[in-house]
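**Q** The chain contents come next:
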Amino acid sequence: MKNKILLVASREFSVNVKKRSFIVTTIVMPVLMLVVMLLPVMLMIFEDTDRKTVAVVDVTGEYVSAFESNDSYLYVPTEKMTNAMRSDSTDTDAVVYISENLVENPSAVTVFSRNEVPLTLLAEVEEVLSDKVREQKMKQYDIPKLEAVMADLQQDVEVGAVRWTDEGEQQSIPQVLTIVGGIGMFLIYIFVMGYGAMVMQSVSEEKTNRIVELIVSSVKPVQLLLGKIIGIGCVGLLQMAIWAVLLLVVMLVVGMVTGIALIGQPPVDAPSMAAAGGIDPDILSAVTSVATVPFLKIFIVFVLCFLGGYLFYASFLAAIGAAVNEPQDSQQLMMPVIIVLMLAFYMGYYAMLNPDSTAVAWSSYIPITSPIVLMVRVPLGMPLYEVIIALGVLFLSAFVMLKLSSKIYRTGILMYGKKPSFKEIFKWLHY
Amino acid sequence: MSNNCLEVRSIVKRFAGHVAIDGVSFTVQPGRIFGLLGPNGAGKTTTIRIVNRILMPDEGEVLLGDRPMTDADLARVGYLPEERGLYKKMKVGEQAVYLARLKGLSRDEAEKRLRRWFDKFEIGGWWNRKVEELSKGMQQKVQFIATVLHEPELVILDEPFSGFDPVNAELLKKEVLELKEKGCTIMFSSHNMNSVEEICDDIALINKSKVVLSGEVDEVRARYRTGYYQLVAAADRLLPEMPELFRIRKMEAKRSEMCYLLEAENPAMSNSDLLRHIVDKVEVRSFAEQLPSMHDIFLKEVGGITEE
Chain A
3 MKNKILLVAS REFSVNVKKR SFIVTTIVMP VLMLVVMLLP VMLMIFEDTD RKTVAVVDVT
63 GEYVSAFESN DSYLYVPTEK MTNAMRSDST DTDAVVYISE NLVENPSAVT VFSRNEVPLT
123 LLAEVEEVLS DKVREQKMKQ YDIPKLEAVM ADLQQDVEVG AVRWTDEGEQ QSIPQVLTIV
183 GGIGMFLIYI FVMGYGAMVM QSVSEEKTNR IVELIVSSVK PVQLLLGKII GIGCVGLLQM
243 AIWAVLLLVV MLVVGMVTGI ALIGQPPVDA PSMAAAGGID PDILSAVTSV ATVPFLKIFI
303 VFVLCFLGGY LFYASFLAAI GAAVNEPQDS QQLMMPVIIV LMLAFYMGYY AMLNPDSTAV
363 AWSSYIPITS PIVLMVRVPL GMPLYEVIIA LGVLFLSAFV MLKLSSKIYR TGILMYGKKP
423 SFKEIFKWLH Y
Chain B
35 MSNNCLEVRS IVKRFAGHVA IDGVSFTVQP GRIFGLLGPN GAGKTTTIRI VNRILMPDEG
95 EVLLGDRPMT DADLARVGYL PEERGLYKKM KVGEQAVYLA RLKGLSRDEA EKRLRRWFDK
155 FEIGGWWNRK VEELSKGMQQ KVQFIATVLH EPELVILDEP FSGFDPVNAE LLKKEVLELK
215 EKGCTIMFSS HNMNSVEEIC DDIALINKSK VVLSGEVDEV RARYRTGYYQ LVAAADRLLP
275 EMPELFRIRK MEAKRSEMCY LLEAENPAMS NSDLLRHIVD KVEVRSFAEQ LPSMHDIFLK
335 EVGGITEE
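Taken in sequence, the protein lines are chains A and B.
Anchor point for the first sequence: position 188 equals 190 in the working numbering, and the numbering is continuous, going up by one each time.
Anchor point for the second sequence: position 9 equals 43 in the working numbering, and the numbering is continuous, going up by one each time.
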């Protein structure tokens, strides 16, 4: 009776999609996250453009020339600090007062202001003076060309990473891929946990409601369970699709702003682009390397990992939901599941650090950990056959779990009274 | 199915550690009201769940006519469980439509019929209200409608009169009789014996997992006749005891009448024969055999076995 499974699934779907919590997490959360991420950028754009006037009173006369006015601060060399500066009547917003030679007394500088001294001003003054003092100290050593030597020493080493693939050498960007894997792992964790718990809640709600007996007089318990898992799984897929679309839109927008196509185009040579666009090359190379991430592949694996992991955990959680009488009890029984998932999460974290360790390899085949570990390993380039085997094992064990759970479920939903022991639950498997 | 009888044939169901029902058999005749009686824990609900195919029997079978019942037959069964519930957050109409569709009705048909029932019960305004906003009595009406909406040929009610308030219980009784008139077969379980005498045609009494008694209500009561008679006669003459026919167990004067409690010596003797002997002796005002109520029979059977 496929029809009935579909009917149950569509009820489950429409009930859960209409829930406020779904709408909030699906639409509001990404928007909030976007706002949080974009806030610094926005602040930079809308930062108050007033140039502040800073009087520089340098008793020694050695440092005043080091101050160069910029967009934020207009430095005005001043003979001495007057009382008028203390009041609001002058244009001066702050005074930098240098009382002694800073090489001899590095703390002989103070910034005065009527308002709280802006941290950016402090940082700027410190930087300017530190540079100057370093320069002065270098001069004291009297070594020829020392400045040039020092400048030469300021060299960062850049390690390029190249991966050997069958197609040849490939520019590798392990940091970005690890971050992508980490995000994927986190999302899988949230999705599997969240939607598994939703199935459990739905099961235990029907049991506490006592409507379940009415339902199973029309529908086989297995059909009811399947319908539930399918319906709620579809809610998860919908949420995923919405987020994927949002991500796509964001990437397109970022691509338009920076002029780099993040999707669908081979990465362009970053430095030359930077020269052309006048963008900070570091940011640009980060953005470009995002473009090399195989998003489609990761997304497909993500969906499969979600489906397998969800089926596995949701089946188990459904059995728990059916076994207990009170929602509170199910919280208690859920603890072991949460702990197991936490372990899986740590395993995933470990995989981020040591993607090639034996433990990680094994944990990508164990269904308890595999959905999470796979998300880390796949972006880092897990061989396709290993992915297929791992997913195969995951789905196989998920179906076994579903089979066992449906037996517990069948008996559990009609059992009221005292909380069953694990021994009793085990017996239900044989009914 | 309306012409088919439902036959439960020696079903056995064991749960971990105990036997819930042990060789229960009975037949529910089409178009009649069948009462499954018994004290709590006797196995009524288990039996009903087996008939509804919620549980599978370990032994025995459930037949419809001459073939075993299948899942497909469930579309023609309406079931009101003892533990009645609804989705609290769902709207009443939406929920009833969902339940009807699970029974195989199309959405349109379900809505059409629901409107009719809602009008009949004068609850049309509830359609878009959430179940949690309804009182328990209101929910019971909705539950009953959900049970019969798909016009089942067999309606199974588990303890229908427990938990219903008197008004709803009366309404339910009326609806059950109406269903019977339409040709519906009704089976219900109860430990409330009064309801049984009022509306049941046949009964089976279950105690300790076994059927201890079954048959037509009138026939069962006759089977349990005790041979006691209530006689009211004019007080001008006294009825002499006739040891070969009956003994007088009680006598009580009430104004110009005398009330007697007689115990017949030979229970096989017909009432008319007995009365024939009495009319010669006294002026009979009324004469009635004291048939045991179902309640008495219930207590006698259940109590009797408990004492063993």
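By construction, these hints were calculated from the structure, which means they are not laboratory data.
Check before you lean on any hint, since a few could be wrong.
Stated by the list, open to error - Covered, in the sense of this in silico footprint (three residues per stretch, anywhere, with C-beta under 8 Å from a C-beta of chain A), are these stretches of chain B:
{"hint": "1", "segment": "91-101"}
{"hint": "2", "segment": "123-132"}
Unchecked claim - Here are the in silico distance ranges between beta carbons for each label pair:
{"hint": "3", "chain 1": "A", "residue 1": "402", "chain 2": "B", "residue 2": "53", "range": "29 to 39 Å"}
{"hint": "4", "chain 1": "A", "residue 1": "192", "chain 2": "B", "residue 2": "235", "range": "53 to 63 Å"}
{"hint": "5", "chain 1": "B", "residue 1": "337", "chain 2": "A", "residue 2": "409", "range": "33 to 43 Å"}
{"hint": "6", "chain 1": "B", "residue 1": "156", "chain 2": "A", "residue 2": "341", "range": "52 to 62 Å"}
Idealized CB from N, CA, C, for every residue including glycine.
**Q** Work down the list of hints and note, for each, if the structure agrees.
**A** A quick look at each hint next to the structure:
no.	hint	verdict
1	91-101	violated (count 0)
2	123-132	holds (count 3)
3	A:402 <-> B:53: 29 to 39 Å	holds, 32 Å
4	A:192 <-> B:235: 53 to 63 Å	holds, 60 Å
5	B:337 <-> A:409: 33 to 43 Å	holds, 40 Å
6	B:156 <-> A:341: 52 to 62 Å	holds, 54 Å
When the structure is compared with the earlier hints, a violation turns up for hint 1 alone.
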